[in-house]
Structure formats: C-alpha cells, structure tokens
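Participant: One letter stands for each residue in the lines below.
Protein chains: 2
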Amino acid sequence: MPEQNTISNAVIKRLPRYYRHLGELMEQGVERISSGELSKHMNVTASQIRQDLNHFGGFGQQGYGYNVAFLRQEIGKILGLDKQYKVIIIGAGNLGRALANYTNFEKTGFMIAGIFDSNPELKGTKIRGIGVQSMKDLPDFLLKQKVDIAAITVPRDAAREVADELVKSGISAIWNFAHTDLQVPDHVIVESVHLSESLMRISYNLRVKEESTGQKKNRK
Amino acid sequence: MPEQNTISNAVIKRLPRYYRHLGELMEQGVERISSGELSKHMNVTASQIRQDLNHFGGFGQQGYGYNVAFLRQEIGKILGLDKQYKVIIIGAGNLGRALANYTNFEKTGFMIAGIFDSNPELKGTKIRGIGVQSMKDLPDFLLKQKVDIAAITVPRDAAREVADELVKSGISAIWNFAHTDLQVPDHVIVESVHLSESLMRISYNLRVKEESTGQKKNRK
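First to last, the sequence lines map onto chains Y and H.
So the first sequence is residues -15 to 204, counted in our numbering.
So the second sequence is residues -15 to 204, counted in our numbering.
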C-alpha cells in the first residue's frame, strides 16, 4: 500500500463509498469494471475515480478495467477491514438497540462484545443474544476485554461522563451519537454522528430551493 | 443575508456546529463571546470563525464580540430553522423509533407527522403518541398532507422502492439511513447517514494509529 501517508482526507472519506459500491457490484455478479462504468454507478467522474485509486497504486490496467473483488479487498485492507474489532454499546435505548441489531457491522468485522445501560430495569435483558450489563460493570469489563470501539448513544450530559470513564480505561476509539463534541485526549479517535446537523443540512437545502423557486416565479 | 450564493459547502457544513455550540453557550448563560473564546469552545481557529461568519455579514463588532443569542438566531435563519417542517418516518424498527423519540428534532422545528411500516403487526401501535400506519396508507397520506422530509430507515432493497414512491408523490427531501445511494431526480434533496461508512472511518484511523505505534516501537 504505497504513499498512504500523503492521501488527503477527502480521498479517505470516499473510500467507504467505493467499498460499498464494489460490494453491490459483486452481489450483481460483476467481476470486472472500467472506470467509466464505475463512475456511472457511483455518480462521480471517471477521472476522479482514476485519481483516487491511483493513490493506492492503481489496481487497474489500461483498457482492461478493475477486478471488482480484488479492488474491494484492497480498499478493505486500507480501511482496516481485514481485522476484527471489539465494539461495546453504551446505552440500550432505541438507538443502541438499532446498532446492536445491525448485523451488517459484524459482516465487516465489527463485533458487538457488550451492551451497557444505567437503567437497572434493562440489566439482563437481551438484544440479539447479548445481555445488557450495568454501567457499574463497565470498568471491570474494559479491564478484562480489549475493547477497540465504544459507541455512545446516551443523552448529551451523560455522554461526557461516559467518555471520561472510557478514556480512563484506555479506549482507542469512540463512536459518538450524543448531541455534543466530546473532549478527549488526542490519542483517542472520535467519530461523531450528529443527526441534528444532518437534518439541518436538509432544512438549509429546502430553504435555498424554496427561495430559488420563489425567485423564478417572481421573474415570470 | 448577503452573498449567500457564494458560500462554499465547507462553510455550510460547519454552520450546524456553530448553531449547536451557540446553543450550549446560551444554556450556560453566556450572552456575548469573542471569536477567541468561541474558537476555544469549538476547537477551531479564531480566524476560521471570523472568516466563516464574515460570509453572513459578520454579526460581530471589533473588540466587542458576538451576541450569542442573536448570532444563533441568524445562523438558524440561514439553516432554515425559522420554519417548521413536516417529517414522516418510513420504518418503525429500532432506528425509526429512535428518530421518533428524539424530541430535540421538534425543538428545532422538525415535526413528526407520521410513521409508516410494512409490518401489519405494528399497525396502530404508538410511538410517542403517534400511531404507526400501514405502508398502503402512505400515498393517500402524502396527497393530503404537505410532507417536507421523509426519513427512510428500512433495509436497503426496500429503501429503493420506498424512495421511488416518495418521489412520485412529490416529496421534497429524503433523509436516507439505508445502506445504499438512492437514485432520485435532481430536484429531490437527499441527505444520507451511512453508519457503516462512519464505522469504517474509525477502523481506518485505528489501523493508521496502530501502524504508527508499531513503527515507533520498531525504531527503538
């Protein structure tokens, strides 16, 4: 995997999308694809695809296209998907349950190792065979198991406390769903999913669309 | 709101984060803030903040800082948050339930108008007082109600069909949680939340971190 350190964040951000589309192509029985066809499938330009994949030594042969399975596997390696990761979920509410029930994560190597909730009534209830544990048992669990990723699905104020505890216990990465930016040391990876911000990008686009429609009407 | 058409996507993407941080500051009773203090709070440079907010005519006075409530309100207007939006949720599984239960969305003007699911057993069950309706009732519902945003939380293959139906019924925007890119006409806004891709950004960063730690160890 050459020149990886010089890859821009923009390219990195696109890799999971390549991985997903190549998986869809494999499901459809496509074995080989040109950058032109892949570009149609993904709705980006062919030159963008060639540029992106050149960062990783190309994988393609001129006039011959890409081997779909091989390209997907190599992108998977770059994304670290050739390893397994232990994931715990903090918060067994609807969002936590949705994550625990999402079997696709396990297919790509993200194994749910535990689910924790502060609500004593949930203790011992099972989600896809995994028993919900008390938050009190979290530090001990983290001592015994090498957990890579903790998904935080608890409300904002609780999330900060939970993050502090996870950091103390030496967590490597936090997948944050709480409506706040967590303050953690630089060595801890934080990936946030801010659903409210995603909704606001919709309302922004709705407003812009409405205004441009309004302007067109006025011009008539 | 001057010069809005020239605002880059990067700035637009940052606005929801400003909105959230300014909300946190208001909760803390902060009425006025300098770009320096705001930059510490948000962990971006002060010059970035000044640049970003200058796109919207500034809002700040030299040596006097920003009025937190006013700035938040103006950013809210840019984000279209001075209006209410009707949202429906397709899929009453854990993720759909999580969205329906998230009261924060309503605080920012996104009102849940209906929840739909193809499972007949769920019909009539209530989520936060809202009855789950059959997918068969969706076209009629869309005819009668002006729905702005439809959140799709059903599995990938069903999602494509649902999207087609929504587009036919004249939906303005789709909030897509399915593990695929939806094919819709250009006038339909699509905002996707791809949780798998978010996880892959974590595994990528874990791999890079591990390799750099490994290299440091080898150098010793």
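Hints should not be assumed to be uniformly reliable.
The list treats identical chains as interchangeable, and a pair is accepted whether it falls inside one copy or across any two copies.
With a cut-off of at most 20 Å between alpha-carbon atoms, the simulated SDA-like pairs for lysine to any residue come out as follows [stated by the list, open to error]:
| no. | residue 1 | residue 2 |
| --- | --- | --- |
| 1 | 70 | 155 |
| 2 | 61 | 12 |
| 3 | -3 | 178 |
| 4 | 110 | 77 |
| 5 | 61 | 194 |
| 6 | 70 | 191 |
| 7 | -3 | 95 |
| 8 | 130 | 105 |
| 9 | 128 | 66 |
| 10 | 130 | 198 |
| 11 | 91 | 178 |
| 12 | 193 | 77 |
| 13 | 70 | 13 |
| 14 | 24 | 167 |
| 15 | 67 | 182 |
| 16 | 152 | -7 |
| 17 | -3 | 190 |
| 18 | 193 | 145 |
| 19 | 107 | 16 |
Because the hints were derived from the structure by calculation, they are not lab data.
In this text, all values refer to a predicted model and were calculated from it rather than measured experimentally.
Participant: Now look at each hint and say whether the structure bears it out.
Facilitator: Outcome of the hint check:
{"no.": "1", "hint": "70 / 155", "verdict": "within (11 Å within a copy, 40 Å between copies)"}
{"no.": "2", "hint": "61 / 12", "verdict": "neither (22 Å within a copy, 45 Å between copies)"}
{"no.": "3", "hint": "-3 / 178", "verdict": "both (17 Å within a copy, 12 Å between copies)"}
{"no.": "4", "hint": "110 / 77", "verdict": "both (12 Å within a copy, 17 Å between copies)"}
{"no.": "5", "hint": "61 / 194", "verdict": "between (44 Å within a copy, 13 Å between copies)"}
{"no.": "6", "hint": "70 / 191", "verdict": "between (42 Å within a copy, 14 Å between copies)"}
{"no.": "7", "hint": "-3 / 95", "verdict": "neither (23 Å within a copy, 31 Å between copies)"}
{"no.": "8", "hint": "130 / 105", "verdict": "neither (27 Å within a copy, 40 Å between copies)"}
{"no.": "9", "hint": "128 / 66", "verdict": "neither (24 Å within a copy, 50 Å between copies)"}
{"no.": "10", "hint": "130 / 198", "verdict": "between (57 Å within a copy, 17 Å between copies)"}
{"no.": "11", "hint": "91 / 178", "verdict": "between (24 Å within a copy, 16 Å between copies)"}
{"no.": "12", "hint": "193 / 77", "verdict": "neither (36 Å within a copy, 31 Å between copies)"}
{"no.": "13", "hint": "70 / 13", "verdict": "neither (31 Å within a copy, 40 Å between copies)"}
{"no.": "14", "hint": "24 / 167", "verdict": "between (41 Å within a copy, 12 Å between copies)"}
{"no.": "15", "hint": "67 / 182", "verdict": "between (30 Å within a copy, 16 Å between copies)"}
{"no.": "16", "hint": "152 / -7", "verdict": "neither (29 Å within a copy, 37 Å between copies)"}
{"no.": "17", "hint": "-3 / 190", "verdict": "between (25 Å within a copy, 15 Å between copies)"}
{"no.": "18", "hint": "193 / 145", "verdict": "neither (41 Å within a copy, 25 Å between copies)"}
{"no.": "19", "hint": "107 / 16", "verdict": "neither (50 Å within a copy, 45 Å between copies)"}
Hint check: violations occur at hints 2, 7, 8, 9, 12, 13, 16, 18, 19; the rest are consistent with the structure.
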